[in-house]
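The primary structure of each chain is shown beneath.
There are 2 protein chains.
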Amino acid sequence: MKATPLKGTRDYLPGEVLVRDFLQNTILETYKDAGFSRITTPILEDAVNLDKSEGGENLNLIFRVLKRGQKLEKALEGNGADEKSLSDMGLRYDLTLPLSRYFANNRNELLTPFKVIQMDRVYRAERPQKGRLREFMQCDIDIIGEAGADAEVDLILTTTKALKRIGLESFKVKINDRRILKGIFSYAGFGEEEHEKLAIIFDKLDKIGIEGVKAELLEEKFEENSVNKFIGLFEEGSLTLDSVSGICDEECVERLKYIMDTAGAVSDGGFGIEFAPSLVRGQGYYTGTIFEVEAEGYSGAVAGGGRYDHLIGKFLNEEIPAVGFSIGFERIFGILMEKGYRIPDQKQKIAVFYDADAFAEALKYAEGLRDSYMVSVLKRPKKLGKFLNKLEADGFDGFAVYGEEDGVKMFGRQ
Amino acid sequence: MKATPLKGTRDYLPGEVLVRDFLQNTILETYKDAGFSRITTPILEDAVNLDKSEGGENLNLIFRVLKRGQKLEKALEGNGADEKSLSDMGLRYDLTLPLSRYFANNRNELLTPFKVIQMDRVYRAERPQKGRLREFMQCDIDIIGEAGADAEVDLILTTTKALKRIGLESFKVKINDRRILKGIFSYAGFGEEEHEKLAIIFDKLDKIGIEGVKAELLEEKFEENSVNKFIGLFEEGSLTLDSVSGICDEECVERLKYIMDTAGAVSDGGFGIEFAPSLVRGQGYYTGTIFEVEAEGYSGAVAGGGRYDHLIGKFLNEEIPAVGFSIGFERIFGILMEKGYRIPDQKQKIAVFYDADAFAEALKYAEGLRDSYMVSVLKRPKKLGKFLNKLEADGFDGFAVYGEEDGVKMFGRQ
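Protein sequences appear in the order of chains A and B.
Quick note, in my numbering, the first sequence goes up one by one and the last residue is 414.
Quick note, in my numbering, the second sequence goes up one by one and the last residue is 414.
Possibly wrong hints are sitting among the right ones.
Copies of the same chain look alike in the list, so a pair counts if it fits in one copy or across any two.
[Unchecked claim] Heads up, simulated PhoX-like pairs for lysine-lysine below, C-alpha to C-alpha not over 20 Å straight-line:
(1) LYS71 - LYS207
(2) LYS172 - LYS130
(3) LYS182 - LYS214
(4) LYS2 - LYS52
(5) LYS364 - LYS32
(6) LYS204 - LYS182
(7) LYS7 - LYS71
(8) LYS182 - LYS71
(9) LYS314 - LYS2
(10) LYS364 - LYS409
(11) LYS207 - LYS130
(12) LYS161 - LYS364
(13) LYS172 - LYS382
(14) LYS71 - LYS84
It should be emphasised that the hints constitute simulated quantities derived from the structure, not laboratory data.
My request is simple: use the sequences and hints to build the entire structure.
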């Protein structure tokens with residue numbers, strides 16, 4: 001049998017789980033205080049839903065669950081069995097698709113606008129490499145049934161508050177709108193049918209620079225005049241909301257201004273919020289506002305999201321507006337641990353040692369200490385001194401020996 | 001696309017998740033106060049580990065994950081592809097196998113005895129029917145590396161304390177030892193090789209009665225004299241620890257007495273603990289003590305567990321003693337909800353309504369209320385009265401209208 005976990009999955013040690021639980025609870029409480037409600041959905045989803053979900057690249061990363069019994073036998077008859085015929089369900093790759101299904105399934109029992117929290121595991125068959133997990137946590141809030149820009153403001157303020165509470169200090173929100181991106185593409189002379197491919201290449205701007213983007217666009221045979229006009233817009237210095245307002249849909253620009261002004265006014269300068277015309281975000285289901293959070297000391301985004309007004313409609317006969325913001329929990333957890341994160345005001349943990357004939361009494365003694373401490377009752381080991389070193393290394397804060405009168409002794413940790 | 005969740009899986013509504021989180025946190029805090037540490041393991045496990053795990057009937061209920069890419073192509077070449085060749089990992093069916101693997105993988109970083117908490121989802125491809133879930137929560141504590149009976153006492157006291165804290169009132173612990181069961185089988189004259197099949201039939205005692213067991217044993221062609229001797233033991237009235245002490249291994253009987261006496265002394269009569277010679281428990285990996293908790297108003301067990309001294313050894317070159325106790329969370333949750341469970345001392349939730357031009361100010365006003373309430377900021381709907389009814393039905397406790405001077409008004413709920 002194999003003792004190591006599968007590639008891309010992780011065992012978490014007790015000290016790590018303490019921190020993970022604390023961070024998740026802090027995020028959850030922040031979200032609940034802001035009036036959001038938590039739901040849970042199954043990790044298993046119907047393959048039909050997963051495959052039709054416009055998840056972009058993620059659709060190639062779905063773990064599929066094998067059919068069973070007669071269904072499997074039938075799928076294996078003759079030739080031509082493949083991934084899709086052998087499987088009718090899979091592990092979810094994000095929490096947005098299950099949420100959309102959930103809303104369609106339960107809408108009669110939900111208050112609209114539905115302000116919802118999800119904190120749970122998702123799965124992607126990423127190529128195993130350092131830092132790439134195949135099983136990981138996402139922490140999402142979404143507002144369903146509100147088309148107005150106030151939903152975006154609410155999400156931005158609530159997500160940034162959670163990030164602050166878990167210890168992120170210096171960060172900024174980057175914001176764009178898919179329709180502005182499309183407006184710029186059209187202004188440069190590209191056709192609508194080229195937008196998706198353009199977006200994928202333009203999304204690499206941070207990695208390959210504006211010259212790299214230009215080279216790749218020309219290589220991909222986009223029309224040279226349009227490429228030059230497009231690149232020119234970004235070469236001359238950063239585009240501002242004012243400078244794009246002649247190019248794009250005016251209402252869209254006003255909407256972004258409102259979001260930035262309102263979030264800025266309420267946050268009192270606690271974080272920067274800036275227009276980022278080169279922000280793309282990968283998922284195909286985004287239809288309007290898109291945003292990301294960048295933090296000092298973290299490469300790439302620590303949170304991201306956007307508006308997806310068409311996804312829920314796929315489950316219903318009507319369009320339902322929706323917008324969501326997701327915290328990249330694993331990346332934040334990883335960096336906080338590297339920095340030696342310590343949980344504030346953690347209840348202290350001690351051991352109570354007993355001799356073989358005094359277990360019942362030691363248990364009662366320990367029970368009396370449990371209002372103040374987490375207490376583990378342990379047989380007194382032969383070499384107590386050596387064992388105390390192990391206790392301290394394991395995160396215990398002190399110990400007592402039942403029957404000795406000097407009570408609880410704390411380790412002299414700084 | 002399909003709005004309903006897959007058969008045997010569930011969407012949980014906000015009010016349900018509030019209760020689930022509260023119950024889980026209560027159990028978790030009880031376990032932490034008793035000195036146990038939480039870990040997490042992946043939901044995906046290597047197929048080799050799952051298949052060799054002696055999980056009894058559960059091994060037929062494993063959800064297997066399809067191989068991908070070239071591995072899948074290779075598995076499909078020629079004929080003879082089957083469940084096992086098409087898959088090299090699966091979803092765990094319990095938390096004990098992953099824990100055993102975890103201990104083997106991480107033992108150098110763990111304090112022994114390792115007192116460990118797991119609260120997480122497991123998967124079984126049960127035939128869909130009312131109340132049978134294919135995805136469900138288990139709440140386990142285990143003690144690894146302690147062969148002595150004090151480990152059993154610790155688990156019994158800690159598990160029953162958690163059950164009390166989440167609202168179970170009248171319950172009892174039933175306890176047995178696999179070796180006593182085997183001793184009785186041998187005493188009746190059955191051979192060692194018959195024990196497993198005997199145990200499976202005897203496990204049905206609660207459902208089919210002693211006469212049903214007898215009939216089935218005879219039907220299965222067990223030797224008539226032995227069947228009569230065996231059934232006779234149980235017909236004469238319940239077997240006591242004293243009455244089996246001549247039949248079974250004496251040390252084993254003394255050990256059970258110690259566990260019952262010590263747990264009884266510390267719990268101060270908070271629950272009954274009784275010897276149950278007909279208790280079997282399904283898993284093949286149990287080697288010694290086995291136990292269950294029965295509660296008034298709950299059919300079947302609400303918690304169960306036992307000692308599995310050989311399972312971890314399968315991952316290592318040495319035997320490691322281990323014992324665990326698992327709370328049947330879903331069954332308890334289901335019955336508490338039917339009884340109209342209410343969370344004690346829950347922070348109250350209110351809505352703050354605003355008019356279109358006052359969002360930023362309303363957000364600041366709401367922020368000032370968040371020390372006392374969970375506050376959701378909502379656009380004032382056209383028909384406020386009607387919407388307030390919906391709010392109340394959704395579990396809100398009150399509301400305020402920003403800009404009106406009468407502040408927070410609570411709904412007059414009993």
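Results of checking the hints against the structure:
no. : hint            : result
1   : LYS71 - LYS207  : neither (46 Å within a copy, 32 Å between copies)
2   : LYS172 - LYS130 : neither (26 Å within a copy, 49 Å between copies)
3   : LYS182 - LYS214 : within (17 Å within a copy, 77 Å between copies)
4   : LYS2 - LYS52    : between (36 Å within a copy, 11 Å between copies)
5   : LYS364 - LYS32  : between (38 Å within a copy, 17 Å between copies)
6   : LYS204 - LYS182 : within (17 Å within a copy, 67 Å between copies)
7   : LYS7 - LYS71    : between (29 Å within a copy, 15 Å between copies)
8   : LYS182 - LYS71  : neither (45 Å within a copy, 40 Å between copies)
9   : LYS314 - LYS2   : between (43 Å within a copy, 9 Å between copies)
10  : LYS364 - LYS409 : within (18 Å within a copy, 47 Å between copies)
11  : LYS207 - LYS130 : within (19 Å within a copy, 53 Å between copies)
12  : LYS161 - LYS364 : between (43 Å within a copy, 13 Å between copies)
13  : LYS172 - LYS382 : neither (56 Å within a copy, 36 Å between copies)
14  : LYS71 - LYS84   : both (13 Å within a copy, 15 Å between copies)
Checked against the numbered hints given earlier, this structure breaks hints 1, 2, 8, 13; the rest are met.
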